[in-house]
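Colleague: Those protein sequences? They're chains S and G, same order as listed.
The first sequence begins at -10 in my numbering and counts up by one.
The second sequence begins at -10 in my numbering and counts up by one.
Hints may contain errors.
Just a sample of chain G residues kept apart from chain S, beta carbon distances all over 10 Å, derived [to be verified]:
(1) VAL247
(2) ALA273
(3) GLU391
(4) ASP410
(5) THR424
(6) SER490
So the derived label-pair ranges between C-beta atoms look like this [claimed, not checked]:
(7) S:ARG423 to G:HIS44: 48 to 54 Å
(8) S:ASP73 to G:THR38: 19 to 25 Å
(9) S:GLY72 to G:THR38: 21 to 27 Å
(10) G:GLU93 to S:ARG173: 53 to 59 Å
(11) S:ALA49 to G:PHE18: 18 to 24 Å
(12) G:ARG272 to S:PHE18: 25 to 31 Å
A short, non-exhaustive set of chain S residues, derived as facing chain G with CB atoms under 10 Å [what the hints assert, rightly or not]:
(13) THR66
(14) GLU71
(15) ALA76
(16) HIS102
(17) ARG115
(18) CYS259
(19) THR278
(20) ASP461
(21) GLY492
Bear in mind the hints are in silico, worked out from the structure with no lab data behind them.
Backbone N, C-alpha and C fix where the C-beta goes; we use that ideal spot for every residue, glycine too.
Number of protein chains: 2
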Amino acid sequence: MIGVSSDIPGDAQQFHPNIGSSEPAEPSFARARRLRLHTHHELVAIMRTDSPVCHAEGLAAHTQVYIRNGSQPIAATLYQVEGDFLAGDEIGLSEAAWVALGVEEGTVVQVGHAPPLESIACVRQRIYGHRLNGAALTSIVGDVVAGRYADVHLAAFLTATATLPFDEDETYHLTRAMVEAGDRLRWPSEIVVDKHCVGGLPGNRTSPIVVAIAAACGLTMPKTSSRAITSPAGTADTMETLTRVDLDLGAMQRVVAVEGGCLAWGGAVCLSPADDIFIGVERALDIDTEGQLIASVLSKKIAAGATHVVLDIPIGPTAKVRSVAAAERLEATLGAVAARFGLVIRCVQTDGTQPVGRAIGPALEARDVLAVLTGDADAPPGLRDRACTLAGVVLELGKVAEEGQGRARAERTLADGSAWDRFQRICQAQGGMRTPPTARLTHPILAAHSGRVTHIDNRRIARLAKLAGAPDSPAAGMLLHVRLGDDVIAGQPLLTLHAQSQGEMAYALTYAAANADMLAIVP
Amino acid sequence: MIGVSSDIPGDAQQFHPNIGSSEPAEPSFARARRLRLHTHHELVAIMRTDSPVCHAEGLAAHTQVYIRNGSQPIAATLYQVEGDFLAGDEIGLSEAAWVALGVEEGTVVQVGHAPPLESIACVRQRIYGHRLNGAALTSIVGDVVAGRYADVHLAAFLTATATLPFDEDETYHLTRAMVEAGDRLRWPSEIVVDKHCVGGLPGNRTSPIVVAIAAACGLTMPKTSSRAITSPAGTADTMETLTRVDLDLGAMQRVVAVEGGCLAWGGAVCLSPADDIFIGVERALDIDTEGQLIASVLSKKIAAGATHVVLDIPIGPTAKVRSVAAAERLEATLGAVAARFGLVIRCVQTDGTQPVGRAIGPALEARDVLAVLTGDADAPPGLRDRACTLAGVVLELGKVAEEGQGRARAERTLADGSAWDRFQRICQAQGGMRTPPTARLTHPILAAHSGRVTHIDNRRIARLAKLAGAPDSPAAGMLLHVRLGDDVIAGQPLLTLHAQSQGEMAYALTYAAANADMLAIVP
């Protein structure tokens, strides 16, 4: 046993009386300065190389520092700068750090080494293949939500759980930890329906239509959506081109109380806040895993107060789920984990062999959604059909339609204009309807020869739309003019790229030229 | 098949004539500005939010950009800043980016999106558990060395290979790729000896002594060392407190031609340059794996031109290798991979139950090394003994001592002063000898009660030295005053912490108080 005591200096060569026996040293302080430096989500702090604080605390460039303004500290990456860009007692903050810290110009904050995180030891165990229990996952998720993880730690955690996938117990505990790390909504109605698509299919934008139909039929459907992970658009990205989606808890509750439904971004309310942090890194790595997928979907739904959830699982060789067998495995794990939370789920296997509708990208998909809701004769039939199928299951699960009658009821609700009416009212309630933006540049990709379209590679189509700028540029993406089985003639436009900048258009065109076989045309 | 052609504009709503059919868009340019921003190894670029280049290229904050000055591009993380800190046509560069790009103030550089990296697809496959072949590992290592990987990608690659460990083939191909990505030294002598410790044992600083002995006995031993990965000091960190270690190829060759040996930092010559990049991220994550360890050791040795290598493998419950069985597994893989390169290796299993010597931390360990070399009566006997054992095997492997006679020859070389003489000449040849720095603050940790030392936790001892500031503060670390089996009385100093800043001393003291059982004392 070691005691930390300074009663006897022993052989200490230069005993320093300022170091208390078990007391921490005097904390160091600096004045906060807003740099208006945009780093996306990364918390960055900059101090002078010769700052007395760096000297006293032993802070080098690229160390993780804790910055405290009153209560909870934030962890930031420290960079150092020479010269008089900053004063010696200033700490410059990136916008993300500024917001997270909640300071004003000149606020005096405490600065020091980030203490070792206990939960990082759990991540290290997981890297080496040891399973994590509920307590470990709770501490990891808690530190992640508190902003204490650097990107490399997040990347390591997510990679370890991709290489050795989560088992059912870990998935359950991760889901629970993610629910508990945020707010949890309660709704007055006994049945609260929701839907989710496990993704992997470009242009599959049924949620806005399903919410409009369900709400028009009297159900409570407070839909929250993520932004895109690895796809060119998420429902939140698409809806943001039509209305405000960053609703806080109170705003969501007001919209749902009046209209029965809403279409909000899940990250603006504090539902499963770890999810968006994980998603940011998954996006950078372009990975997602079954365990994270299940925890992401279920934690959002449970936190949002859903009781009955319909899951759209597209199946196709280039969709996220590639076979009926894989879908059934996913359904089994999803069902088992959901059951441990008392959540009723219904999975619907759908066609995932080609993109849904014709638009890929936030604003372009929004136009497809409007076309279906307004009964436009030119609306993509695939999107309309799929939305009615899913809405039908929602109506049956929500007990406003008999088994087998849901789809017909959904179609009537579209045809009689009540879904469109409800959708407009929801957008109005969320802050007013917007017109989706139009891209500055468009460019057609033409068929090099005549033949029949026999294969469409969803992944490379999605990649192409992302290179064109989606979803960061909401107007970017593409319109796909052909579907599987179509006959085309040489020179006919196969798709049209939409982009906001010449750089992005050039990258997309280069990629399209190098990946001509992403649309297979057999003469 | 898709053809990228603009012969027929098709249904393009606003066909933009500036976008050539298969030509990339006009490149964008900016003037380089040195920010004197220290970010460690990270390549950071900053442009104005309203910069025309960002607009034209569609560059958002936190995207990876390519910056080209003539030939090879570098990849950097782009941040954006509001206001007039930068001119609209300037790109501010961190010191690491400035050096990598090799520009001068105002040099016009080309800026654009980083194109998708083919090798990232290989990393993604590895994340999902697919083994990598030689071509894949060559392309990954090539892109890593070219600075095209962000930290999250490095973290993902290293984590994936920790969770699903490399097999022998992958380890071989990684080693080969790491050798080929850098320079390769050739020496005139037929036998070139080297040694390496697989680490995990604080204070195990035998290399400077072994090199001095081997060179004094006429062998060629051009030793390159890494800095610490997860330990409080590497040989390069320790040697840097005694002389210059950042020798380039020419300097190394000059030193070795005259003195027979050198003690250089491997990162300054371009031997296996990927290794130091991997090590930086492994250090942030506090992980290292057998495959990476083998590739790291062997790639450095092969690139350095070694033909015969002695490996010190400390075994103990808190060392890196915890059992004889684990050591034998490691030796088998090491031997198998080394044999594929024609490299002769000899593994020496050593006692890893407690730190070697008494010092932990670069400067403190340097003083221990000097004590052994100068024959100081107070020199730590454990360090002297271990150095003689290893030097003996080196002398036998290098054929200047008969089997079984190496250790005696090593001891004579120490005793007659020729090793100390050779060490001083090597330091002089490397740029002159320095006096290791002394820490500003020291603080003893005292025994809380009397008893016998029955266990020393190497990992927590190392962690404690790191919290005190080692190796970033070369003078920081600790002196350990007790060894296993020692009897101590209450109040007796067990160890003395050395630190350069009050902040670090405070963290170390807090950790010591919370981990009193890292030195077990049984009454």
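Colleague: Give a verdict on every hint.
Modeller: Results of checking the hints against the structure:
1. VAL247: holds, 36 Å
2. ALA273: About 5 Å separates G:ALA273 from the closest Cβ of chain S, which leaves it inside 10 Å; violated.
3. GLU391: Consistent with the label, G:GLU391 stays out of reach of chain S, its closest Cβ about 43 Å off (over 10 Å).
4. ASP410: holds, 30 Å
5. THR424: holds, 15 Å
6. SER490: violated, 4 Å
7. S:ARG423 to G:HIS44: 48 to 54 Å: violated, 22 Å
8. S:ASP73 to G:THR38: 19 to 25 Å: Distance hint for S:ASP73, G:THR38 holds at roughly 24 Å.
9. S:GLY72 to G:THR38: 21 to 27 Å: Holds: the Cβ-Cβ distance is about 23 Å, inside 21 to 27 Å.
10. G:GLU93 to S:ARG173: 53 to 59 Å: Because 58 Å falls inside the window, the suggested range holds.
11. S:ALA49 to G:PHE18: 18 to 24 Å: Because 34 Å falls outside the window, the suggested range is violated.
12. G:ARG272 to S:PHE18: 25 to 31 Å: At roughly 29 Å between Cβ atoms, S:PHE18 and G:ARG272 fall inside 25 to 31 Å, so the hint holds.
13. THR66: holds, 8 Å
14. GLU71: holds, 4 Å
15. ALA76: violated, 15 Å
16. HIS102: holds, 6 Å
17. ARG115: holds, 8 Å
18. CYS259: Not OK, violated: S:CYS259 not within 10 Å of chain G, min 23 Å.
19. THR278: holds, 8 Å
20. ASP461: holds, 6 Å
21. GLY492: holds, 3 Å
The earlier numbered hints that this structure contradicts are 2, 6, 7, 11, 15, 18.
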